[in-house]
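Kindly produce the complete structure, drawing on both the sequences and the hints.
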Amino acid sequence: MPKSARDVLPPLELLCLSALWSLHEGNVKDVQQIVAQARPLAYTTIMTVLDRLVRKGKITRRKVGRAFVYSPQASRDSMRRAAIRELLEGFFDGSQEQLMVFLQRPEVPVTTAASAPVEADNRIDPVLL
Numbered sequence: 013m014p015k016s017a018r019d020v021l022p023p024l025e026l027l028c029l030s031a032l033w034s035l036h037e038g039n040v041k042d043v044q045q046i047v048a049q050a051r052p053l054a055y056t057t058i059m060t061v062l063d064r065l066v067r068k069g070k071i072t073r074r075k076v077g078r079a080f081v082y083s084p085q086a087s088r089d090s091m092r093r094a095a096i097r098e099l100l101e102g103f104f105d106g107s108q109e110q111l112m113v114f115l116q117r118p119e120v121p122v123t124t125a126a127s128a129p130v131e132a133d134n135r136i137d138p139v140l141l
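Here the working numbering = 1-based position in the sequence shown + 12.
There may be inaccurate statements among the hints.
Computed list of lysine to aspartate or glutamate pairs in DMTMM-like fashion (alpha-carbon distance at most 25 Å, straight line) [claimed, not checked]:
| hint | residue 1 | residue 2 |
| --- | --- | --- |
| 1 | Lys75 | Asp42 |
| 2 | Lys68 | Glu109 |
| 3 | Lys68 | Glu37 |
| 4 | Lys68 | Glu101 |
Restraint ranges, calculated between C-beta atoms of paired labels, are given here [unchecked claim]:
| hint | residue 1 | residue 2 | range |
| --- | --- | --- | --- |
| 5 | Gln116 | Ser90 | 44 to 54 Å |
| 6 | Ser34 | Val122 | 29 to 39 Å |
| 7 | Gln116 | Thr56 | 44 to 54 Å |
| 8 | Lys41 | Phe104 | 39 to 49 Å |
| 9 | Ala48 | Arg92 | 19 to 29 Å |
| 10 | Leu24 | Val113 | 26 to 36 Å |
| 11 | Ser87 | Ala48 | 39 to 49 Å |
Derived by calculation from the structure, the hints in this document are not laboratory data. Remember, it's a predicted structure, so these values are computed and weren't measured experimentally. Note that beta-carbon positions come from the ideal geometry of N, C-alpha and C, so glycine has one too.
Right under this line is the structure:
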């Protein structure tokens, strides 16, 4: 099943959509204030992201005075389903059973050279003195 470019959102778009889910509706400034708790971004950046979400059909907007008010069109549940569907297709060949087996396995710590503790060299470099 080919991945639709509109199914799973990039992190910043998902962050803005999550803000609208909590607000139910809001303008760019409202969304910016919520997003700023996780990631401070410019007003124009939020405006651009919201415009993309409108074009993708994930949110709607209506003009109120001089500003737009945005509302979520896509539900949190539909976005979760799309993300799980992509995860299933990409990592588990579409098999829910394979995913369940994977999730029920005990987590095994991964040890790599990069995560191994490094022993400190106790000598002082004379250049630093």
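Outcome of the hint check:
Straight-line distance between C-alpha atoms of Lys75 and Asp42 comes to about 15 Å, which keeps the hinted pair within the 25 Å bound. At most 25 Å may separate the alpha-carbon atoms for a hinted pair to count; Lys68 and Glu109 exceed this at roughly 31 Å. Using a Cα cut-off of 25 Å, the hinted pair Lys68 and Glu37 holds, with the two alpha carbons roughly 17 Å apart. Distance check on the hinted pair: Lys68 and Glu101 sit about 22 Å apart at the alpha-carbon level, within 25 Å; holds.
Hint check: Gln116 to Ser90, Cβ distance near 26 Å, so the stated range 44 to 54 Å is violated. With their beta carbons about 35 Å apart, Ser34 and Val122 fall inside the hinted range of 29 to 39 Å. Between Gln116 and Thr56 the CB atoms are about 46 Å apart, so this pair conforms to the stated range of 44 to 54 Å. A C-beta distance of roughly 41 Å is found between Lys41 and Phe104, which places it inside the suggested range of 39 to 49 Å.
Checking the proposed 19 to 29 Å range against Ala48 and Arg92 shows it holds: the Cβ atoms sit about 25 Å from each other. Checking the proposed 26 to 36 Å range against Leu24 and Val113 shows it holds: the Cβ atoms sit about 33 Å from each other. Distance hint for Ser87 and Ala48: a CB-CB separation of about 24 Å, inconsistent with the stated range 39 to 49 Å.
In this structure, the hints that do not hold are numbers 2, 5, 11, in rising order.
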